[in-house]
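Colleague: Sequences are here, hints too, so could you generate the full structure?
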Amino acid sequence: YLIIVDDICFISTWDIIKCALPDGTSSSRVLTTTQYDDLAVQSCGYDTKYVFKMKSLSQHDSRYLFFNTVSGSRFIYSPGSTEVSDDIIRKCGSLPLAIVSITSILEKSRKMEQWGYVNKSLGYNLMKNPTLEGIKQVLDLSYNNLSEHLKPCVLYLSIYQEDYVICKDDLVNQWLAEGFICATKDHTKEEISEACFGELVSSKMIQPVHIDGNGDVMSFVIQHMVLNFIRYKSIEENFVTVIHHSQTATKLSDKVRRLSLHFGNVKDAKLPINMRLSQVRTLAFFGAYKYWWRSIKDQFPLLQVLILHFWHDEDIISFDPTIISQLFRLKYLKITSDVTLELQTKTRGLQCLETLKIDARISTAPLDTTHLSGLLHLSLPADTNLANGIGHMTSLHTFGYFDLSYNSVENVLSLGKLTNLRNLQLTCSTIQPNSLEIKLQCLGFILQKLSNLKSVTMSTAGSSCVNSTDASSTNISVRISGDGLSSMSSPPALVERLELLPRICIFSYLPKWISLLSKLRILKIGVRELVRNDIDVLMGLRALTDLSLHVHTKPTEIIFFGRLGFKALKYLKINCCVAWLKFDMGAMPILYKLNLGYNVDGVDQESTIPDGIQDLYGLKEISVKIGGADPEKYDRRAEELAFMIDSGLHDRCVSVTLQFVRQIFDFNEDKSSLTQEEQRKLKQQEILEDDSDEEYDEIIQDSGEQEVKQ
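Letter by letter, the sequence shown follows residues 1 to 710 in UniProt numbering.
Please keep in mind that the hints were generated in silico from the structure rather than gathered at the bench. Mixed in with the good hints, there may be bad ones.
What the hints assert, rightly or not - Cβ-Cβ distance ranges computed for the label pairs, FRET-style:
#, residue 1, residue 2, range
1, G198, C352, 24 to 30 Å
2, R329, D163, 27 to 33 Å
3, K512, T82, 55 to 61 Å
4, L271, E148, 31 to 37 Å
5, E107, A493, 31 to 37 Å
6, G198, I590, 19 to 25 Å
7, A493, T394, 45 to 51 Å
8, D37, S518, 58 to 64 Å
9, I11, T394, 55 to 61 Å
Stated by the list, open to error - Derived DSBU-like pairs: lysine-lysine, alpha-carbon spacing no greater than 35 Å straight-line:
#, residue 1, residue 2
10, K151, K55
11, K136, K270
12, K582, K554
13, K357, K204
14, K519, K449
15, K454, K168
16, K189, K233
17, K204, K189
18, K454, K151
19, K204, K567
20, K267, K297
21, K233, K267
22, K111, K185
23, K582, K519
24, K108, K120
25, K297, K189
26, K18, K270
27, K120, K151
28, K449, K512
29, K204, K168
30, K519, K357
31, K270, K168
32, K255, K297
33, K570, K554
34, K108, K55
35, K151, K168
36, K454, K189
Because the structure is a prediction, the values reported are computed rather than measured. In this text, a Cβ means the ideal position worked out from N, Cα and C, and glycines have one as well.
Modeller: Okay, here's the thing in structure tokens:
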């Protein structure tokens, strides 16, 4: 085995981890990273020859990082820029974090006066002694150069734990609930919040985790030194109070506005003593469930944002959050847990609620949620059977998951009343052919009424609950015909994202109405048959940046991409049973990543490498999966094919990945005979694939697959 343990901070942590590692001489390896010399030596069994000390960047690499980050290219052609920039780079001590943080300031202005100001603001401490204190000086300079309205948004990040993956939509809605963002004459609050998040990304204070096909950051983490700095500033301004379980006996400020409790697995942790909580507006809790929630109404009467991330202990398997319904000022509520929620009918009192997000099992959907007329964002787990009356929630902008299997035809028709809807997330948990056919026809009818829609997705929605073993959350995915939507004559014109994943939904042909979506940027769709005219339709989508196309039968002719379309396309994925693909010279000028999947019996010496691939000059990544093959028998063949692809690119710097897998691209596999355990494992693998870069893959990888990279 190979195990990598990143960023160990305490010897006690390593003492716990090493107990789980088996002793022996089986050529296994454990790689650890840490900032501390004594911990590094101990983790290597006190043998210093196994300790590798990272070196700072060389001057050449520092300059490359600096110029490539600040301008998107290696050089800046400005008089006097070289002298000033070299001085700034030296003062950054060749530390990547410092360099990237400084470039976020310089990107805002190409004037040498501004660069000179930044240079003078930096001392030489970091160059002489690259310490955390020196990094703090650089981060402080970066923070002070943020716009004033963004600073509280940045400080708000300190409520989160280290390494916590933060969803962009969650954070933006929390900003709005806190009142950090105000509308102007020309822009709505939502538009301004999007701009603020864009500025946060540009500041380089966050590290993207998931970037969609359009280049937008959807989730991120905060580098621990940056988070420590943000917490330092937050304490300085009494903006957020963060309490760990070991600090609950410490006397803290009696004017707490935002409280974040990081209690971990400690079961006897209690709320801090001698702290006035009546003014708290945001409460975030990360830890094991405790009974003190029963007094939450009296302790936090002004609460506007409530974030609960908790897990069960030995005695608690369910949680009744009825008391939360008495927090009448609450605008944002998110619950993430492996505990079953007993919601019943107690949400009607939350009339100020704008966002309700539940990532946990629920025993019964709250019957009175439909009475929350001011709700803007509703996110519920799949398998949720909502009460009739969805049409009353006319303010909704985001709605998911709406499960076509569990919701009534009346509820499907009620979606047509949600005329403010921007984002609709659909799923389908079980197959009920007659009912689903009717519901899809209804869906095609009502989508024409939702003129503000920008995103429509239909995908699997596996439970994200921790340690979920409930059979209902691991049912095998289903596939239904999407032809009920094909009759739609007037689709929502503003749609930018359309993801009808073929694991659930499959069309006989490419729907004609897709040609009317002039703003479409992301399209993921499966068709049983692809004809020449379909490619012409797709070529006409000028805004398209991300295309995933799954073809379920053998095409009648080669899939040909000409030079006239796809000028904005950056990501292309094609799954088909045969490798019939050709690119014209000059096609897809900015295509960055190509993802292909086909069967081994549809591959020959010539067709393995798509004709014209060498002319895709923007290409940086190629991923090929070949199904219906025994990986152990095709080990050598994988090497040969990867080498052929790499050679065909004429020594260009392109990452090539090739895999042989057992699953075939017939797209009609019958899984009904699988045992419950086999279905559980297959569903688990599907969820893992959904979270990967190749999240829309139809191939279920075998544990013995071979991967070759050139």
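Colleague: Now tell me, hint by hint, if it's right for this structure.
Modeller: Here's how the hints hold up against the structure:
| no. | hint | in the structure |
| --- | --- | --- |
| 1 | G198 with C352: 24 to 30 Å | holds, 28 Å |
| 2 | R329 with D163: 27 to 33 Å | holds, 31 Å |
| 3 | K512 with T82: 55 to 61 Å | holds, 57 Å |
| 4 | L271 with E148: 31 to 37 Å | holds, 33 Å |
| 5 | E107 with A493: 31 to 37 Å | holds, 35 Å |
| 6 | G198 with I590: 19 to 25 Å | holds, 21 Å |
| 7 | A493 with T394: 45 to 51 Å | violated, 21 Å |
| 8 | D37 with S518: 58 to 64 Å | holds, 59 Å |
| 9 | I11 with T394: 55 to 61 Å | holds, 57 Å |
| 10 | K151 with K55 | holds, 33 Å |
| 11 | K136 with K270 | holds, 32 Å |
| 12 | K582 with K554 | holds, 15 Å |
| 13 | K357 with K204 | holds, 28 Å |
| 14 | K519 with K449 | holds, 18 Å |
| 15 | K454 with K168 | holds, 17 Å |
| 16 | K189 with K233 | holds, 26 Å |
| 17 | K204 with K189 | holds, 23 Å |
| 18 | K454 with K151 | holds, 30 Å |
| 19 | K204 with K567 | holds, 29 Å |
| 20 | K267 with K297 | holds, 22 Å |
| 21 | K233 with K267 | holds, 30 Å |
| 22 | K111 with K185 | holds, 31 Å |
| 23 | K582 with K519 | holds, 26 Å |
| 24 | K108 with K120 | holds, 17 Å |
| 25 | K297 with K189 | holds, 29 Å |
| 26 | K18 with K270 | holds, 30 Å |
| 27 | K120 with K151 | holds, 23 Å |
| 28 | K449 with K512 | holds, 18 Å |
| 29 | K204 with K168 | holds, 15 Å |
| 30 | K519 with K357 | holds, 28 Å |
| 31 | K270 with K168 | holds, 30 Å |
| 32 | K255 with K297 | holds, 18 Å |
| 33 | K570 with K554 | holds, 26 Å |
| 34 | K108 with K55 | holds, 30 Å |
| 35 | K151 with K168 | holds, 17 Å |
| 36 | K454 with K189 | holds, 17 Å |
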